[in-house]
Amino acid sequence: MARNFFTMMKSTAPSATEPSTAERTVAPPPPSMKQDAAAGVGVHLDPTLEAVRHDFTEEVEMALELRDVSAFYGSFQAIDRITLPVPRNRVTALIGPSGCGKSTLLRCFNRMNDLIPGARITGRIDFGGRNLVDPNVDAVEVRRRIGMVFQKPNPFPKSIYENVAFGARINGYSGDMDRLVEDSLRRAALWDEVKDELDKSGLALSGGQQQRLCIGRAIAVQPEIILMDEPASALDPVATLKIEDLMRELAEDYTIVVVTHNMQQAGRVSDYTAFLLAGEERVGRLVEFGPTQDIFTNPLDQRTEDYITGRYG
Amino acid sequence: MSAAAPSAQLTAFSPRVRIRRSFSVGFMVAALLAIAISMIMLGALVVEIAVDGAARLFTDGTAVEREARGGGIVTDLPTPVGMAWMTWALPVAILLPFIGPRLLNSLVPGLPRLAERLIGLIVLAPAAVFIHILYVRFESAYLIDYARAVGIDGASGNLLQLFGEASGFQIVRLLVIGILLPLGILAAGWFWSQRMRKPSMLIPAIMIIAWVVYLFIDPWFLSSFPSRKPADAGIFSAVTGTLYMMVITAAIAFPLGVGAAIYLEEYARRNWFSRMIQINVSNLAGVPSIIYGLLGLQVFVRVLEFERSVLAGACTMALLVMPIIIVSAQEALRTVPPSMREAAYAVGATRWQVIRFHVLPYAFGGMLTGNILAMSRAIGETAPLIAIGALTFIAFLADSPTDDFTVLPIQVFNWVARPQAGFHEIAASAIIVLMVILLLMNAAAIIMRQRTRTDW
Ligand SMILES: Nc1ncnc2c1ncn2[C@@H]1O[C@H](COP(=O)(O)OP(=O)(O)OP(=O)(O)O)[C@@H](O)[C@H]1O
Ligand SMILES: [Mg+2]
Chain A
393 MARNFFTMMK STAPSATEPS TAERTVAPPP PSMKQDAAAG VGVHLDPTLE
443 AVRHDFTEEV EMALELRDVS AFYGSFQAID RITLPVPRNR VTALIGPSGC
493 GKSTLLRCFN RMNDLIPGAR ITGRIDFGGR NLVDPNVDAV EVRRRIGMVF
543 QKPNPFPKSI YENVAFGARI NGYSGDMDRL VEDSLRRAAL WDEVKDELDK
593 SGLALSGGQQ QRLCIGRAIA VQPEIILMDE PASALDPVAT LKIEDLMREL
643 AEDYTIVVVT HNMQQAGRVS DYTAFLLAGE ERVGRLVEFG PTQDIFTNPL
693 DQRTEDYITG RYG
Chain B
30 MSAAAPSAQL TAFSPRVRIR RSFSVGFMVA ALLAIAISMI MLGALVVEIA
80 VDGAARLFTD GTAVEREARG GGIVTDLPTP VGMAWMTWAL PVAILLPFIG
130 PRLLNSLVPG LPRLAERLIG LIVLAPAAVF IHILYVRFES AYLIDYARAV
180 GIDGASGNLL QLFGEASGFQ IVRLLVIGIL LPLGILAAGW FWSQRMRKPS
230 MLIPAIMIIA WVVYLFIDPW FLSSFPSRKP ADAGIFSAVT GTLYMMVITA
280 AIAFPLGVGA AIYLEEYARR NWFSRMIQIN VSNLAGVPSI IYGLLGLQVF
330 VRVLEFERSV LAGACTMALL VMPIIIVSAQ EALRTVPPSM REAAYAVGAT
380 RWQVIRFHVL PYAFGGMLTG NILAMSRAIG ETAPLIAIGA LTFIAFLADS
430 PTDDFTVLPI QVFNWVARPQ AGFHEIAASA IIVLMVILLL MNAAAIIMRQ
480 RTRTDW
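Residue numbers (the numbering used here), protein chains in the order written: chain A, 393 to 705; chain B, 30 to 485.
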């Protein structure tokens, strides 16, 4: 398995970064260097909000386009004027140290923040010509078209079948429900494991199976975009690998935005990467965005390089 | 030597095996004892009947005496037969289902499952029949007793003639308990042999409760109306009035209370208004019940002109228990983790769909539990009903919500307040009935809470 894991990493991650990442993480940087980097952060953050943007290396449509998106929890500003494209049918990774607003940003995409009292968003999120941030846009409709998978697997305490069928049913799906459940579970790479016990409670599955069930549940409402907030952080390496494979497969039909703390994972699964960072006042800002390959091999911002090489965060 | 060594080692090093074996032996001894003593009692009974005849045997503690003493708690029940039945049949009935299969296992280790069950049934069936016989004998003793009191010569021992004189309630009791009891024992034994422990425990538990009620409460007491004479007085109207009022109270308070809780938890914005409501609800739970009574008197009895009816009482009680229901329903709603709501929202559910399909189902057990506890508070409340003027002497059954009514605590209050000792005794009986109802409700609440718990 370890071998498999390693080759997998090599084949999808940009090979040029590989040796240097290994080198740098194995040998801890001297303290002086660390300090320099930390000092650099402060200097860098203050003067400019403008994030570094790599050129697109391919022709690609955008599923979402964010313009100056800020999010607030009451009077606290969690993210500040983030401008970011999300390419269609690609995997986009959001990376950054804890508390920099990755989850907040992700939850802006499907108006999940509406559920938190006092939370509010400003700016524009272009989704098929409409602005998701506009309060007149129906959040329920947005959430149907933009699904979400959470960090901790959270299947409903109902049967596996019901878990998958629920979303379709409440959205008025009138086709063959059995087929839909089977299809969704197949796409979630779970069908073969559960096909004989669809009546079993979703809670009776293992953590990795639960997470795949949650992915199946999200797929069943046929969304255009699937948001994943650290979908594998509660799972063991094997289950993680399954989820990663799944993400790559799903990217053929869906747009995927994934938050991850795991640099190798970001390298393996994502096509594009956005790096966020919060300054001293804890306001998250976008630092750098571009094709994952470019971000990992050739980061233009010193802070990005420090982060992906494990210098801080 | 070499063959003996491993088994000696096994015994020496596996205390569990030893313990289990000593358990089996204990069970075996207990079972044999119980069976032997029961057989002796049965034999003695047969002999006694044969020698002295039924009539003489059954003359102790007559209904006439009971009449003279004032009815109520039936302490004079145990005639020799009744005593035998109570002392030996009960433990046997309760123990047998548990020990039958084990007993067999310890006697013949390695018995095949099927044989074990078959033999278990074979052992249990005679036990059930035996208890059935005991019961019928006992009941006929009772009937003879009764026959004497009403002037029929019971010495003939003609059960059919007695049936003609016995009340419908008695006959039903005879048939139901006399048949259901043995069946229950059989069922318990069967469940046990199927490794279905819970039902096999439940049946004896229900039986024990039934026995307690049965031994202390005279069925006539449950089925007759109040009277000027303690011996004739019963709690039929009070029990039915209580049940009637509780049903209406729950029907009013549960939907309203749960609705209020859903509003407060799921819909209300956290502002000064919802906070004020919340604080008031919590405070209302602590308002003395007599205040609710006065409120009910003015609002329901006078302004809405419900008179002193079941409806007025139920409305007042609904107000009284509403805060309890609201608070407990809120707590139940809060136990549904936010991740469940998020999961439902994330597949495009509306707020109502989230509540309807997820929050409510997961919280429903907790809500029901809270409702039952609130009801068990209402069942014991007296002051508000006295305030709205519930009557204490109701010699008919309420058949519409606008009828007069009485409830158990008021009946007890009334009897205790009377000078005659006979009334004090029947008040004690009524209290036992009230306690049993309360215990049953609380047990139901606990079971419900256990069964509906979800481990997230
Ligand atoms: N419900 C909330 N109310 C108030 N502040 C919040 C809330 N959720 C998050 N925050 C704040 O917003 C900031 C960004 O949080 P967020 O959860 O988006 O970070 P993150 O990048 O996802 O971190 P992690 O990697 O640890 O998950 C943090 O400072 C956090 O304290
Ligand atoms: Mg997060």
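Source of the hints: derived by calculation from the structure; they are not laboratory data.
Careful, some of the hints might be misleading.
With the Cβ distance kept under 10 Å, some of the chain A side facing chain B (calculated, not the full set) [stated by the list, open to error]: (1) F468; (2) D526; (3) N528; (4) A531; (5) R537; (6) P547; (7) Y553; (8) N555; (9) F558; (10) N563; (11) M569; (12) R571; (13) L590; (14) V613; (15) P615.
Quick look at which bits of chain A chain B covers, simulated, 3 or more residues with Cβ under 8 Å [unchecked claim]: (16) 452-458; (17) 602-611.
Idealized CB from N, CA, C, for every residue including glycine.
Here is what the structure says about each hint:
1. For F468/A, the interface hint is violated, the least distance from its beta-carbon to any beta-carbon of chain B being 17 Å, above 10 Å.
2. The beta carbon of D526/A comes no nearer than 18 Å to any beta carbon in chain B, farther than 10 Å, and the hint placing it at the interface is violated.
3. Nearest Cβ of chain B to the Cβ of N528/A: about 16 Å, over the 10 Å cut. The hint is violated.
4. The closest approach between the C-beta of A531/A and any C-beta of chain B is roughly 8 Å, which is under the 10 Å cut-off, so the hint is satisfied.
5. Given the 10 Å rule on beta carbons, the hint for R537/A holds: about 8 Å separates it from the nearest Cβ of chain B.
6. Contact between P547/A and chain B, as hinted, is supported at the beta carbon level, the nearest pair being about 8 Å apart and thus within 10 Å.
7. Taking 10 Å as the C-beta contact cut-off toward chain B, the hint placing Y553/A at the interface is violated, the least distance being around 14 Å.
8. A hinted interface residue such as N555/A counts as satisfied when its beta carbon comes closer than 10 Å to some beta carbon of chain B; here the least separation is about 9 Å, so the hint holds.
9. Evaluation of the F558/A hint against chain B yields a held restraint, the C-beta minimum of about 7 Å falling below 10 Å.
10. The criterion of a C-beta within 10 Å of any C-beta in chain B is met by N563/A, whose closest approach is roughly 5 Å, and the hint holds.
11. For M569/A, the suggested interface contact is broken, since its CB lies about 14 Å from the closest CB of chain B, more than 10 Å.
12. Below 10 Å, beta-carbon pairs count as interface contacts, and R571/A has none with chain B, the closest being about 18 Å; its hint is therefore violated.
13. Against a cut-off of 10 Å between C-beta atoms, the interface hint on L590/A is violated, since the closest Cβ of chain B lies about 18 Å away.
14. Annotation: interface hint on V613/A holds; nearest CB of chain B at approximately 5 Å, less than 10 Å.
15. Nearest Cβ of chain B to the Cβ of P615/A: about 8 Å, under the 10 Å cut. The hint holds.
16. Check result for the region 452-458 of chain A against chain B: violated, 0 residues qualifying (beta carbon to beta carbon below 8 Å, three or more required).
17. Counting residues of the region 602-611 of chain A whose C-beta lies closer than 8 Å to any C-beta of chain B gives 3; at least three are required, and the coverage claim holds.
In summary, the structure is inconsistent with hints 1, 2, 3, 7, 11, 12, 13, 16 from the numbered list given earlier, while agreeing with the others.
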